[in-house]
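**Q** Going by the working numbering, the first residue of the sequence shown is number 1, and it counts up by one from there.
Just so you know, the hints here were simulated from the structure itself, not pulled from any lab data. Don't take every hint at face value.
Simulated pairs of lysine to any residue, SDA-like, Cα-Cα distance not exceeding 25 Å [claimed, not checked]:
no., residue 1, residue 2
1, Lys41, Gly105
2, Lys13, Met154
3, Lys42, Lys156
4, Lys156, Asn48
5, Lys250, Glu185
6, Lys55, Leu111
7, Lys13, Lys156
8, Lys128, Ser52
9, Lys42, Glu25
10, Lys42, His81
11, Lys55, Val138
12, Lys250, Thr225
13, Lys42, His126
14, Lys55, Arg169
15, Lys41, Phe109
16, Lys156, Tyr75
17, Lys156, Tyr187
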Amino acid sequence: MQGDNTPPIDLAKTIYAEGIVHDAEGNSYPLESEIPETSAKKIFKLVNGNQSIRKTLEVGCAYGLSTLHICGGLYGRPDVHHTIIDPFQYLNWHGIGVENVRRSGFTEFNLIENLSELALPELLRHEKCYDMILVDGVHTFDHTLLDMFYANRMLKLGGFLIVDDCDWRSISRAISYFLNYPCYELYTPYRERGSSLMPEIMRGLARKFHALSKMLRLDPFLKSTLHPAIYRKIFSIRFPRLVILQKIGKDERFFLWHNEFF
């Protein structure tokens with residue numbers, strides 16, 4: 001176990017290499033339920049490469065690997081702060097996530113030990129705003145969408161919304177729904193694929209036709225003609241594990257806004 005003030009990224013590398021984490025008393029536990037190192041590095045690269053990112057929020061911490069990469073990206077930058085929401089940090093994770101942040105010497109953070117459906121509205125009520133928000137909490141469709149809903153309300157223009165485990169069907173559907181928002185676009189590379197019922201050659205044709213239909217502005221016609229379920233079968237999106245969305249405009253949807261094609 002490394003001592004105090006080990007830089008966040010160095011501490012994270014050690015944890016990944018050893019596969020072991022330690023609580024404040026020195027007890028050891030096998031590393032589990034961690035974000036993959038490749039995904040964590042993408043988060044670090046995003047935060048470290050964007051000087052405008054100063055205030056960050058994270059839903060779900062566990063052993064703190066994603067937290068260390070966020071704090072590592074903020075490390076040495078003035079006027080920064082990271083907020084963690086994790087109601088089970090001490091109950092299930094022995095406080096190891098926040099202890100790892102303390103060991104790294106990063107002090108500008110706070111832990112909210114409350115359920116995200118209660119903590120997020122409270123942050124919004126206090127008019128908190130963030131440059132980057134990571135959602136990695138309860139993985140049901142409704143809960144993920146709820147976390148993303150509040151994230152949208154508190155995310156600054158130009159800010160980034162990161163969602164983990166997007167290869168889960170429940171979370172993938174939430175991402176697809178959010179991509180219908182006019183004020184968001186994908187920041188990470190992604191792959192478009194048709195339904196698994198379609199042969200690979202048909203998937204390729206579907207991708208090309210979808211791109212052509214958008215270029216020729218036929219997409220509204222297709223959506224008005226095809227049933228939403230059929231449209232999704234043809235033009236469904238298969239997301240990578242980690243997806244980054246960027247808020248490119250204000251959320252100015254009319255109160256009657258609705259889109260079934262997700």
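**Q** Each hint should be assessed against the structure and marked as holding or not.
**A** Hint by hint, here is what the structure shows:
1. Lys41 - Gly105: holds (19 Å)
2. Lys13 - Met154: violated (31 Å)
3. Lys42 - Lys156: holds (20 Å)
4. Lys156 - Asn48: Holds, because 18 Å separates the two Cα atoms, which is no more than 25 Å.
5. Lys250 - Glu185: Cα-Cα ~12 Å, so holds.
6. Lys55 - Leu111: The hint holds at about 14 Å.
7. Lys13 - Lys156: Distance of about 31 Å is beyond 25 Å: violated.
8. Lys128 - Ser52: The given pair, whose Cα atoms are some 16 Å apart, holds under the 25 Å limit.
9. Lys42 - Glu25: violated (31 Å)
10. Lys42 - His81: holds (20 Å)
11. Lys55 - Val138: holds (23 Å)
12. Lys250 - Thr225: Violated. Lys250 to Thr225 sits at ~30 Å, over the 25 Å cutoff.
13. Lys42 - His126: Violated. Lys42 to His126 sits at ~30 Å, over the 25 Å cutoff.
14. Lys55 - Arg169: violated (30 Å)
15. Lys41 - Phe109: At roughly 20 Å apart (the allowed maximum being 25 Å), Phe109 and Lys41 satisfy the hint.
16. Lys156 - Tyr75: holds (21 Å)
17. Lys156 - Tyr187: Cα-Cα ~15 Å, so holds.
Checked against the numbered hints given earlier, this structure breaks hints 2, 7, 9, 12, 13, 14; the rest are met.
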